[in-house]
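**Q** Chain by chain, the residues:
There are 2 protein chains.
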Amino acid sequence: MVNIEQCLAALTQVLGENDKDVPLHEPKFNGNEWQYVKDCLDSGWVSSVGEYVTLFEQKIADYTGMPYAIAVMNGTAALHVCLLLADVAREDEVLIPSLTFVATANAVTYCGAHPHFIECHESHLGIDLDKLRTYLTQIAIVKDKQCINKLTGRRIKAIIPVHIFGHPIEMSLLQTLAQEFHLKIIEDASESLGSFYRGVHTGHASDIACLSFNGNKVVTTGGGGAILIKDEALAKKAKHMTTTAKRPHRYEFYHDEIGYNYRLPNINAALGCAQLERLPQMIENKRHLAKRYQDVFSDIQGASILQEPQYAKSNYWLNALILDKPDRSFIEHFIDSAVERKYHLRGLWTPMDRLPMYQSSPKMDLTMTHQLFDRVISLPSSPHLGGVYA
Amino acid sequence: MVNIEQCLAALTQVLGENDKDVPLHEPKFNGNEWQYVKDCLDSGWVSSVGEYVTLFEQKIADYTGMPYAIAVMNGTAALHVCLLLADVAREDEVLIPSLTFVATANAVTYCGAHPHFIECHESHLGIDLDKLRTYLTQIAIVKDKQCINKLTGRRIKAIIPVHIFGHPIEMSLLQTLAQEFHLKIIEDASESLGSFYRGVHTGHASDIACLSFNGNKVVTTGGGGAILIKDEALAKKAKHMTTTAKRPHRYEFYHDEIGYNYRLPNINAALGCAQLERLPQMIENKRHLAKRYQDVFSDIQGASILQEPQYAKSNYWLNALILDKPDRSFIEHFIDSAVERKYHLRGLWTPMDRLPMYQSSPKMDLTMTHQLFDRVISLPSSPHLGGVYA
Ligand SMILES: Cc1ncc(COP(=O)(O)O)c(C=O)c1O
Ligand SMILES: Cc1ncc(COP(=O)(O)O)c(C=O)c1O
Chain A
1 MVNIEQCLAA
11 LTQVLGENDK
21 DVPLHEPKFN
31 GNEWQYVKDC
41 LDSGWVSSVG
51 EYVTLFEQKI
61 ADYTGMPYAI
71 AVMNGTAALH
81 VCLLLADVAR
91 EDEVLIPSLT
101 FVATANAVTY
111 CGAHPHFIEC
121 HESHLGIDLD
131 KLRTYLTQIA
141 IVKDKQCINK
151 LTGRRIKAII
161 PVHIFGHPIE
171 MSLLQTLAQE
181 FHLKIIEDAS
191 ESLGSFYRGV
201 HTGHASDIAC
211 LSFNGNKVVT
221 TGGGGAILIK
231 DEALAKKAKH
241 MTTTAKRPHR
251 YEFYHDEIGY
261 NYRLPNINAA
271 LGCAQLERLP
281 QMIENKRHLA
291 KRYQDVFSDI
301 QGASILQEPQ
311 YAKSNYWLNA
321 LILDKPDRSF
331 IEHFIDSAVE
341 RKYHLRGLWT
351 PMDRLPMYQS
361 SPKMDLTMTH
371 QLFDRVISLP
381 SSPHLGGVYA
Chain B
1 MVNIEQCLAA
11 LTQVLGENDK
21 DVPLHEPKFN
31 GNEWQYVKDC
41 LDSGWVSSVG
51 EYVTLFEQKI
61 ADYTGMPYAI
71 AVMNGTAALH
81 VCLLLADVAR
91 EDEVLIPSLT
101 FVATANAVTY
111 CGAHPHFIEC
121 HESHLGIDLD
131 KLRTYLTQIA
141 IVKDKQCINK
151 LTGRRIKAII
161 PVHIFGHPIE
171 MSLLQTLAQE
181 FHLKIIEDAS
191 ESLGSFYRGV
201 HTGHASDIAC
211 LSFNGNKVVT
221 TGGGGAILIK
231 DEALAKKAKH
241 MTTTAKRPHR
251 YEFYHDEIGY
261 NYRLPNINAA
271 LGCAQLERLP
281 QMIENKRHLA
291 KRYQDVFSDI
301 QGASILQEPQ
311 YAKSNYWLNA
321 LILDKPDRSF
331 IEHFIDSAVE
341 RKYHLRGLWT
351 PMDRLPMYQS
361 SPKMDLTMTH
371 QLFDRVISLP
381 SSPHLGGVYA
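One line per chain: the protein sequences are A and B, in this order. For the first sequence, full-length UniProt numbering assigns the number 1 to the initial residue and increments by one for each residue that follows. For the second sequence, full-length UniProt numbering assigns the number 1 to the initial residue and increments by one for each residue that follows.
So here's chain A without its partners, still in its complex pose (with noise of 0.2 Å):
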C-alpha cells in the first residue's frame, strides 16, 4: 500500500501551504495578452477579420516548424477537419487508444465513421506500438493497399496516436507500422505542444496534427485550436473548409462545398500571440516542475512519477504519479485528501470503450488501459508552479 501521508508531504514540499486553490492546470496572462487584446477592441476587429489570426498560425508554424498552421476554434474543431483531410468516410474504422480525451472518439464520429479501441503502454500512455502490430496481424488484411477489419468488414482508414500529457509515443515505428497496414496518420498532438520527438515538434510525423489551447492547456486562446500542415494544397483545403467554403470575392456569398465555421476568432487569437511568446519560459518552467515532482516521490514506496521516454523531450503537459499496482480507492481517498489542502488532483479519462456510446465499438484487449485507470493521478501543472518565476 502507498502511503497516503507522504504522498501528501510530497505534494506540499513542491507546491507549498495555499490559502487559494491549486487548480491542475490554469493559465497566467503576465505578458502580452492586455495590450493584444486591447488593441483587438480598439481596431474593432474581434471577429473573423483581423490579423492576429494570421499571427497567430504564422507564430505557430515557426515554432513547431510544421509549413503551416491553420487556426480553428478549438482541438475538437481541428480533429474534425484532420479526419476530413485524411478522407475518413461514413463506415470507416479509425485506430485510437483508448486511453484518450473523449474529443479523439467523438471527432470520429461526427465524420459518421468508427472508433476502433487499441492499447496503451505503461511507459509512456501512448499506444503499445507491439500489441498492435499482433492484433492488426490476427484481425486485418490489405487488400489493394486498403486495411480492412475482417471481423466488420470495415475498411479501417486512419490511426489516430495521442501524446498522453504531452509524452511523445515512439513514431518512427507506428509509421513502419502504418505504411505496412496502410493507414493515414493523425497525430493527436492537443497535449503536446511544446514537446519534440527526436529533436522535432511533435506533428511531424504525419502529414497532418492538431493542437489545442483549450483553457487547461499550456497555451490557451480561450478556446482554441490547430490543424499541422505540411501540404501548401491540403493547406488551403483546411482553410477554405474552416471558413464557410466560401470563395474569396469581395462582396458575392459563393461557397463551393459543404463547410463549416471553425475559425478562430481575432480576440482570441490576440491571447494566443501572447501566450507564445512565452512559451520556451513556460516549457522550462514545467519542466522544472516535473523535476521536483520526480525528486520528492522518489523516496515513496509503490508510486512513481512519469518521466519522458529516452527519445523524447516533453512538455510534461500534466505530472502523473503512477502506483505500482492497480488500487481505485487509494486514488479516490488521494484525490479527496489533497483538496483539503487546496491542490486539485484528478484520475485518468474513463477509457473510451466504458462510455456507454462507444461500448460496442471494435477494440483489441485493453488490459493495461483499465489497469491504469486504476494507477495514475494527475497532479497540478501550471508553469507557473515550477518556482521559477512567480
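Keep in mind the hints are simulated off the structure, nothing from the lab. Some hints here could point you the wrong way.
Same chains, same names: a pair is fine if it fits in one copy or spans any two.
Stated by the list, open to error - Heads up, simulated BS3-like pairs for lysine-lysine below, C-alpha to C-alpha not over 30 Å straight-line: (1) Lys28 <-> Lys59; (2) Lys150 <-> Lys363; (3) Lys236 <-> Lys145; (4) Lys38 <-> Lys342.
Given chain A, work out where chain B with the ligands should sit, using these hints.
**A** Below, chain B with the ligands without anything else, positioned relative to chain A:
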C-alpha cells in the same frame, strides 16, 4: 433603369463623405467591453469556466424573454444543436429557404439530413407561406403524424424560418401550417436579435431557436451564438450536449453520449455582456438609420428600401434596397461605384439551390428567390451610422 447617380447621392446623404471605409456592419466597443474582458484576464478565467458565460446566458434570456439561453461558439453550432434537439435524423428532410446564409443548409447536412429548399416572399424576404402551403399539399402526405415527401419517400421533419435581415415572418401562419403538416419549427433568429413579432421577441414561435453573435451581427462576441429554449429539460440537454456530454463530477471524466465542444469561452461571453447592455440603444439607432435610408431613397424611381412588416418591429440588421425589376448589372455597377466612396455594399447570398453541393437537393419553384437575387442590395447598417450617437 434606376439612376445610379441618384442612388449614390442618397447614400452620401445618409453616410456622409468618408476617408475611412464604411463596412456593411461593424461593431463599436465603447461600453464596458474593456472592463469585463480585462476582468477575465486578471482572474485567469478566459476559458469555459467563468461567470460571464452564465451572466451572458441570463442576459439573453432576460432580453428575449425566452426561459433558457445556452451560449455556444457560433450561430452555426447553435443551429446544429437545435436540429439534434428536434430529433432531425439521418435521411430526414428539413424545409429551409433557398434565400439564406449557407449555415442554415450546412447545419441540416451535419445531421445527415437533406435541406429542401422553399420560396421566399418579396415583402419581407422570408418564407412565402401561401406558396408553401400549396406546394406541401401537392408533394407531402401526413401518415402516422409524420410528414412524408411523396417524391422522395423521406420524412420531412422540420422547417427553419429565417428572419432575413431582421424582418420577422408571419409566425402564427407558419405555426398553423407546421401543425397541420406535423413539422417541428426551429427559428433561425441569427439575424433578428432585437426584432419583435407582435410584441414578442423572435424565437418564441418555436420551442427552439438560435441566435448568432458573429462579427457582423448587432451584438458580437468575436464569434458566438445561442440556443433559445422554452423547456427546462431540453435546455439541460442542450447544455450537456454542447459541453462534451460530461457528467458533472469533481474529478472524474465520464461522458454519457456523443457530445460537442461548442461552449462559448468566457472571454467572448464577457464581450457579449457589455454589448447586451447597449443593445436597446443600438436597436434604436439602427431603426433611426433605417428611417433615414427610407426617406432619402423614397424619391428614387424603380427601387425602394425594404420596410418591416406591419405586424413586426425589426432590428433592421441590414438595410436592403430592392429594385422593382431584376438587374444584375446595375447591382454590380452600384456596388463597384459605391466602394469608390468607401461605402461597402453587398448583394444577396447566392441562393442555396445554385451552390454545387445543393444543386440536386429537393426544392419547390424558386422564381421569386432567383429574381430577388438580382434585385436586392444591402447597405451599410452599423448602429453608429444612425447619427444618434458617435
Ligand atoms: C487528447 C486530446 N484530444 C483532443 C482534445 C480536444 O481539444 P479541445 O478541448 O480544444 O476541443 C483534447 C483537449 O481537451 C485532448 O486532450
Ligand atoms: C441566417 C443565418 N443563419 C446562420 C448564421 C450562422 O451564424 P454564425 O456565423 O455565427 O455561425 C448566420 C450568420 O452568419 C445567418 O445569417
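**Q** Hints first: check each against the structure and report whether it holds.
**A** Evaluation of the provided hints:
1. Lys28 <-> Lys59: Both: 19 Å inside a chain and 28 Å across chains, each within 30 Å.
2. Lys150 <-> Lys363: within (13 Å within a copy, 42 Å between copies)
3. Lys236 <-> Lys145: Classified as within: same-chain Cα gap 27 Å, cross-chain 46 Å, threshold 30 Å.
4. Lys38 <-> Lys342: The answer is between: 26 Å across copies meets 30 Å, while 33 Å in one copy does not.
In summary, the structure agrees with every hint in the numbered list given earlier.
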